[in-house]
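Chain order of the listed sequences is A and B. The opening position of the first sequence corresponds to residue 1 in the UniProt record's numbering, with each subsequent residue numbered one higher. The opening position of the second sequence corresponds to residue 1 in the UniProt record's numbering, with each subsequent residue numbered one higher.
Everything labelled a hint here was simulated from the structure, so no lab data went into it. Be careful, since some hints might not be right.
So the derived list for chain A, only partly shown, Cβ under 8 Å to chain B, looks like this [to be verified]:
| hint | residue |
| --- | --- |
| 1 | L3 |
| 2 | V19 |
| 3 | V44 |
| 4 | P46 |
| 5 | L52 |
| 6 | V57 |
| 7 | A62 |
| 8 | E66 |
| 9 | R71 |
We put the beta carbon where it would ideally sit given N, CA and C, even for glycine.
Here is how the chains run, residue by residue.
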Amino acid sequence: MTLKRLSPEELLGLDRFNVDEGHPHILVDRARCALCAARPCVTVCPARCYRLKDGQVAFDCAGCLECGTCRVVCKDQGVTSWTYPRASFGITFRCS
Amino acid sequence: MSDDSFDVIVVGAGPAGSACAFALAREGRSVLLLERGDSAGAKNLSGGRLYTYALELLEPGMYLRAPLQRRIVREQVMLVEGRRATTLDVADPAWGEGVPRSHSVVRASLDEWFAAEAEGAGAVFAAGMRVDGLLEENGRIVGIRAGEDEMRAGVVVAADGVNSLLGQQAGLFPDVAARAVGVGVKETIELPDAVIDDRFGVTAGEGVARVAIGCTEGVSGGGFLYTNRGSLSLGIVFNPEQAAAHGRPIQEIFQDFKEQPAIAALLEGGTSVEYGAHLVPEIGHHGVPARLHREGMLVIGDAAQFGINTGLVIRGMDLAIVSGLAAARAILQEGAPTGPAYMAQLEELALLPTLRAYAEFHGIFGISRIFKEYPALANQALGFLFQVDGRVPPPMLKELLAIVRKNVSFRQLAADAWKGYRSL
């Protein structure tokens, strides 16, 4: 049996998250994102937290892998605040 | 407010932080080792290979206690062109018989063990603590703030990883530049040890490390495959700016890599159990900030952007451990200013000289054709040489030159050779 190709949702489904509902650790200013033509976040976020919806960048930090890629590629400063989740929230790697 | 005060607070229980805490606690210093994950390693991810000389520097024989996975006895370089692949396999059973050697590792277990070693040496280890900021008095860092708590120390050691928010808060360096890092994605795939042994041509406890070039759709970067005990680590690291410009989501390119026939055959029957991503320092010496210390504070490990990538050898954890030891030795030196002593130790322990020796090497990765045209050329040329179809073959040299020309012009070839030469 060949190892299956997995969708972003299936990949994240392998992981253990404790989502801090109501306390997003990354804040995104959609008005600034609307002015960004490049939108690197949509392509390079490994968790696909940034997606295009009706031509707009939508952000959901529920499956964030805390890598920081959006922070370093966002030149137009749509990412207005980037920290790590509060203690005991976010991803927990068990076997990587 | 707590009136507890430590000689040293180390922020981050990765290999750098734990090595530092271990070396200080062993000499009787009071050390607090803080980790934001619920356990050490819970937030960490790496391709998964450790050069054990670093543990040896910390304490001879320490590697024997570490939860290492497989001793690497085969090194492989894979050139990918679509469904084709050419793999160079370098094997020497003598590798790893002595020390130094290298092992595959799984960070969840390695980091947990390492933090426990620091604790065993006398450090206070606290997991589930996110450090929010630094305490500063009269221009000196005197401690940290974590939620409602404030904790004070003679020295704060920032081992907070590649996105060193503490180093930035301290004003030592700006945010890491996108061109200086790679974004890595990785899947951990469970597979029985007996199957791994058979499939990779190793015996129990022996392992394989493979790097792959040509699996990134031309984006600067490369793949990796490491054998662990009962699992494989498969991933790709991409230059984030180029990946963004390329436009195809990186995890889709990664999933294609899983389906590459030469990779898929190795994964068959396996079970995906975890997916992760992390940034890695990519440009070595030129990525290291000019300032790694200020009064009351030192920066170590990934936070200091210590990394080496030659395409064949990828180092980070060993440099992290060495820098943790360098920081500890500097702090242990009575009377000397800690910052300059730390920089001197980084020289003495060969870390900075090694980074300088490879200083221009990342220039090689500026040759974009390495990631597409050259792997294609190798596969096509070798494919032609191996082909037998019963007909009279075309003149060999003529055909090979045609294959070269199909992929690169001779002008490009000469320019790339010159650039490569200049980077060595």
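Status of the hints after comparison with the structure:
no.	hint	result
1	L3	4 Å, holds
2	V19	15 Å, violated
3	V44	5 Å, holds
4	P46	3 Å, holds
5	L52	11 Å, violated
6	V57	13 Å, violated
7	A62	14 Å, violated
8	E66	6 Å, holds
9	R71	7 Å, holds
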